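J.: The residues making up each chain are set out below.
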Amino acid sequence: MSRSIIVSFLMRDKVGNALLAVLLALAIIVPFCSLVFEPGDTFYLSSYWVTLLGKYLCYALLAVAVDLVWGYCGILSLGHGAFFALGGYAMGMYLMRQIGERGVYANPLLPDFMVFLNWTELPWYWQGFDMFGFAMLMVLLVPGALAFLFGYLAFRSRVTGVYLSIITQALTYALMLAFFRNDMGFGGNNGLTDFKDILGFNLQHSGTRAALFSLSALALAGGYLLCRFIVNSKLGRVLIAIRDSESRTRFIGYRVERFKLFVFVVSAMLAGVAGALYVPQVGIINPGEFAPLNSIESIVWVAVGGRGTLFGAIFGAWMVNFGKTWFTGAFPELWLFFLGGLFVVTTLWLPKGVVGLSAQLSKMRRSKAASGANTEAPVQAQAVEAEPQPQQASQVAPEPDKQAEPTPKNLDQGAANV
Amino acid sequence: MSKPKHIPQNTLLYVDGVTKSFDGFKALNSLSLIMEPGEMRAIIGPNGAGKTTMMDVITGKLRPDEGIVMFEQDIDLTQHDEAEIANLGIGRKFQKPSVIENLTVFENLELALSGGRGVFQSLLHKLSNQSFGRIEEVLELIRLQDKRSWLAGSLSHGQKQWLEIGMLIMQEPRLLLIDEPAAGMTDEETALTAELFKQLAQDHSLVVVEHDMDFVKALDCPVTVLHEGSVLAQGTLEQVQQNQQVIEVYLGR
Chain V
1 MSRSIIVSFL
11 MRDKVGNALL
21 AVLLALAIIV
31 PFCSLVFEPG
41 DTFYLSSYWV
51 TLLGKYLCYA
61 LLAVAVDLVW
71 GYCGILSLGH
81 GAFFALGGYA
91 MGMYLMRQIG
101 ERGVYANPLL
111 PDFMVFLNWT
121 ELPWYWQGFD
131 MFGFAMLMVL
141 LVPGALAFLF
151 GYLAFRSRVT
161 GVYLSIITQA
171 LTYALMLAFF
181 RNDMGFGGNN
191 GLTDFKDILG
201 FNLQHSGTRA
211 ALFSLSALAL
221 AGGYLLCRFI
231 VNSKLGRVLI
241 AIRDSESRTR
251 FIGYRVERFK
261 LFVFVVSAML
271 AGVAGALYVP
281 QVGIINPGEF
291 APLNSIESIV
301 WVAVGGRGTL
311 FGAIFGAWMV
321 NFGKTWFTGA
331 FPELWLFFLG
341 GLFVVTTLWL
351 PKGVVGLSAQ
361 LSKMRRSKAA
371 SGANTEAPVQ
381 AQAVEAEPQP
391 QQASQVAPEP
401 DKQAEPTPKN
411 LDQGAANV
Chain W
1 MSKPKHIPQN
11 TLLYVDGVTK
21 SFDGFKALNS
31 LSLIMEPGEM
41 RAIIGPNGAG
51 KTTMMDVITG
61 KLRPDEGIVM
71 FEQDIDLTQH
81 DEAEIANLGI
91 GRKFQKPSVI
101 ENLTVFENLE
111 LALSGGRGVF
121 QSLLHKLSNQ
131 SFGRIEEVLE
141 LIRLQDKRSW
151 LAGSLSHGQK
161 QWLEIGMLIM
171 QEPRLLLIDE
181 PAAGMTDEET
191 ALTAELFKQL
201 AQDHSLVVVE
211 HDMDFVKALD
221 CPVTVLHEGS
231 VLAQGTLEQV
241 QQNQQVIEVY
251 LGR
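Protein sequence lines, in the order shown, are assigned to chains V and W. Here this note's numbering is used: the first residue of the first sequence is 1, the next is one more, and so on. Here this note's numbering is used: the first residue of the second sequence is 1, the next is one more, and so on.
None of these hints come from the bench; they were simulated from the model. Hints are not guaranteed to be accurate.
Using 16 Å as the maximum straight-line C-alpha spacing, the simulated EDC-like pairs for lysine to aspartate or glutamate come out as follows [said to hold, decoys possible]:
#, chain 1, residue 1, chain 2, residue 2
1, W, 61, W, 74
2, W, 61, V, 246
3, W, 217, W, 172
4, W, 217, W, 238
5, W, 61, W, 179
6, W, 96, V, 246
7, W, 96, V, 244
8, W, 26, W, 228
9, W, 26, W, 56
These figures come from a predicted structure and were not determined experimentally.
Go ahead and model the full structure; you've got the sequences and the hints to work with.
T.: What follows is the structure in structure tokens.
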């Protein structure tokens, strides 16, 4: 039964499967269009577009990470941009070390900004970042460790709801201020930039850009699959239980704080990967990435797309960012108003986001057709095979209880009893 | 906290001298209660008598200011948190039905199935045929077989209450604490619930907090009356109904 629920869910995740197919197709087609066709051809994609689309893929991965903690576990993190930025910095540090003697000051060991600050030695926390493997490990471990420490303290103390949101916001804000300081050793205000190559491939080269795009598409597909595996497991149902009724879940015997910690860390690592793929494509990472506004924007993506679906987060990230690209070109000063308005509209009229829109519309149509009598019927949702059949039900439960009655009646009764 | 005194043999739950106050108001005032294995007990009392606070203390949601709460003679419940106490074998049903509305009836029961409470265990969990059968049994017991794939949120109030009781049973607790199960149920549902509890009492211990006297009567078990945080009277329903003090504070109103 439950197995069939899971199987049917996998089957039912048609949108997700289609999305994965699209991602794989993009991973092939976009490099193809960029590399095989010449400028001027109809199908030619310039590096500008490849990079822009690659950015959207990274944002989408961040959105999936946010949806995992917020949509499924109800943890409204307003600081996920911090994990994204930390992953980005880890990648940026690797890229800085790759510059070597090609920097302005031609120092083989120290990045330019350190020479500029008259530093003579590489700080201990920059050691090892010349190795790609180590840097990639840090992309996962640094956001993961911060999320673990933060989550351990917050969840153990049972900080929830708006208080948790506020301290996540404070976390990213504090990191922003810290990274702005030159003494931190991360390039201060300017951040890390002027990257030359990654694993020996020139970052300006369109082949490298195409490869980074494909990697981002694969990372997003991988992140989606990982999150889908998590939310479809029993652990996913525990997460939903925590979101809907935390104390109930505790009294069933689950250690809520451990489950929260687990998804929070996984989510932070995914955000870190997104940041690490983002940085070589945009060519810079600076403390601005820690700005609270970035984290809030990622929440808006997920809300607009529809939380608790994973693919909704991806659609939301794409839609809002396409909108942003267009808007900031056409009416730059209006963008933030538009973003705020979008969030208000979503909250008021689209509680399930754009992906919930079709269900919402069909529900409205049905309720109009049934003139209010059947409004709650769609709620029972996936109950296809176990639709109550009056005769059968009365055989199993001979008592004259209300079970064999159709839903609306039951609901009325329930309401009358309250 | 005082060291546990000698605890009588064969007690499942031993509550002695428990006091809990909120801003000077004593919600529990030197409350004492002993439950034996296999016993069913109804707890009645006017609003504010401390019924829910008592459950909070037993299930680890609140720490008592003083007093002893022992489970199975040697487990000090004041030293454990909610999840640990749940796994020790004490199940709790809330006054307001609290099922997981966005999961199906079946998934709610699966979640409550005893065992496998760890994070990674949950991640790789596969439902065995045996567990599957167990869920089927409970579905039948709580009369929700044909609603198994309904979202719990779409059940009627009474059915939610039953589902929550079913979730308790899945936990295989030795002691069940049930807060106002009959609230908001039809007479018929109430009668069925009383039947269900009697059936459960055959192999579980139950503490049932209830306002509805007809329901308590149907349970046909010893009754404890709480008033202002301590025990006012104990006995059969008839005995306590004739108790002059009880009539004054509670039944006479």
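J.: If a hint holds in the structure, say so; if it does not, say that too.
T.: Hint check:
1. 61(W) to 74(W): The hint is violated at about 20 Å.
2. 61(W) to 246(V): With a Cα-Cα distance of about 13 Å, the restraint between residue 61(W) and residue 246(V) holds, given a limit of 16 Å.
3. 217(W) to 172(W): violated (26 Å)
4. 217(W) to 238(W): holds (9 Å)
5. 61(W) to 179(W): Status holds; Cα separation ~15 Å.
6. 96(W) to 246(V): holds (14 Å)
7. 96(W) to 244(V): Measuring from Cα to Cα gives roughly 14 Å; hence the hint holds.
8. 26(W) to 228(W): holds (8 Å)
9. 26(W) to 56(W): holds (14 Å)
Violation of the numbered hints given earlier is confined to hints 1 and 3; the remaining hints are satisfied by the structure.
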